Amino acid sequence: MAAALFVVLSSFLLPADGYKVGDKVMIFNLKNVDNKMVALGHDATAKGYIVVITCNTCPVAQAYEQRIIDLNKTYAPKGYPVIAINANDSNRSPGDSFVEMQDRAKNSKYQFPYLLDETQEVAKTYGARSTPTAYVVKREGNDYILAYHGAIDNNSNDASSANVHYVSQAVNALLANKPVEITTAKAIGCGIKWKM
Amino acid sequence: MVKIKQLIVLFSFFLCLGYTAMGQNVQVIKYPALEKMFKQSKDTVLIVNFWATWCKPCIEELPYFENISKKYEGTKVKVVLINLDVVKDLTTKVKPFVGKNNIRSSDIYLLDEPDYNSWIDKVSADWSGSLPFTLIVGSDNKIRKTFEEPLTESQLEKEIQPFIKL
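Protein sequence lines, in the order shown, are assigned to chains A and B. The first sequence begins at 3 in this note's numbering and counts up by one. The second sequence begins at 1396 in this note's numbering and counts up by one.
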């Protein structure tokens, strides 16, 4: 009730709200760290994807790096590989340049694409505001439908203390042909460095 | 020998006391305490800034909040800084940061609620969780305005004016 009494004035300068669960998502085609282009749907055998908008520099993204690697290890063989995307403007955040992305992918032995969203169109269209933000999409014919978006789990500081694994639960439900129970969750993250 | 040891211990004790008195106290709170703060703002305009020591744009804008806090000291405008570092970093990172940057005027709390999804929407449904985030709560807790972006001092000054005039 109290909440209803608030007159909430709108914030400004925010990107559009992005996709809602059930929406058909945009098929992107971006440059990977190996200089080849990778599109959503590049793997014809995939049942869907775990798309993570992340970056090199954000401490929260760094805290989740191993968990993103592990998600790919667990779910790529089951048909839900990871695609990581960095959208930060490298002028504002030099540590997120394409060369730095290549270094990170090599040093951390990424077994999944790490793409540069240079125009920031994907991050904007998907509605990402902070890193890391995950999107679980399910293939339906040639389309990809959003099933979950938001945090990876409920403890960014400590993987072993997390007790709700949002992304895993969503993918497990899709694999079992069950409805995804938690379709979105928020978490503290670093604001995406938009081009000025 | 024993006496010298005791003296050293005593001396270090006072040295520590001195540091505590010099640095701002950073109290660790849970979400209900924050909610209570909003509800009890009554005749005061609250400027609540969510930040972390690891968030670069947050650190850049902190001095603006501190300046506003100093400027409005003794008025019905209060600046509250909510730190979102991990609680285990309180003495190693947060307190030294606050001391080094001489943040004295604003109230500072570390919000120890790592399950973010359980409270972010309660602060504001408009907030994605991206830092920095600022919330202005009008007196009577009726009007709120949110900013999911860094602010400059002049922006901040401009944004609080309508709240003061209400």
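Keep in mind that the hints were calculated from the coordinates and are not lab data. Because the structure is a prediction, the values reported are computed rather than measured. Among these hints, one or two may not hold up.
Here are the simulated BS3-like cross-link-like pairs (lysine-lysine), alpha carbons at most 30 Å apart as the crow flies [stated by the list, open to error]:
hint, chain 1, residue 1, chain 2, residue 2
1, B, K1490, B, K1434
2, B, K1553, A, K126
3, B, K1451, A, K188
4, B, K1466, A, K111
5, B, K1495, B, K1537
6, B, K1466, A, K108
7, B, K1483, B, K1431
A few chain B residues that don't get close to chain A, going by computed Cβ distances all over 10 Å [what the hints assert, rightly or not]:
hint, residue
8, Y1426
9, K1471
10, L1479
11, N1496
12, W1522
Glycine is no exception: its CB is placed at the ideal position from the N, C-alpha and C atoms.
Holds or violated: B:K1490 to B:K1434, with C-alpha atoms at most 30 Å apart: Holds, because 27 Å separates the two Cα atoms, which is no more than 30 Å.
Distal placement of B:L1479 relative to chain A, Cβ over 10 Å: 6 Å, violated
Holds or violated: is the Cβ of B:K1471 farther than 10 Å from all Cβ atoms of chain A? 19 Å, holds
Holds or violated: B:K1495 to B:K1537, with C-alpha atoms at most 30 Å apart: 36 Å, violated
30 Å limit on alpha-carbon distance, applied to hinted pair B:K1483 and B:K1431: Distance of about 24 Å is within 30 Å: holds.
Is it correct that the beta-carbon of B:N1496 has no partner in chain A closer than or equal to 10 Å? 19 Å, holds
Are all C-beta atoms of chain A more than 10 Å from that of B:Y1426? Fine: 13 Å to the nearest Cβ keeps B:Y1426 off the interface.
Would the least Cβ to Cβ distance between B:W1522 and chain A come out above 10 Å? 8 Å, violated
30 Å limit on alpha-carbon distance, applied to hinted pair B:K1466 and A:K108: 50 Å, violated
What's the verdict on B:K1451 and A:K188, does the C-alpha distance respect the 30 Å limit or exceed it? 21 Å, holds
Does the structure keep B:K1553 and A:K126 at a Cα separation of 30 Å or less? Holds: B:K1553 and A:K126 sit about 28 Å apart, inside 30 Å.
Between B:K1466 and A:K111, does the CA-CA distance stay at or below 30 Å? With a Cα-Cα distance of about 51 Å, the restraint between B:K1466 and A:K111 is violated, given a limit of 30 Å.
Of the numbered hints stated above, those contradicted by the structure are hints 4, 5, 6, 10, 12, listed in ascending order.
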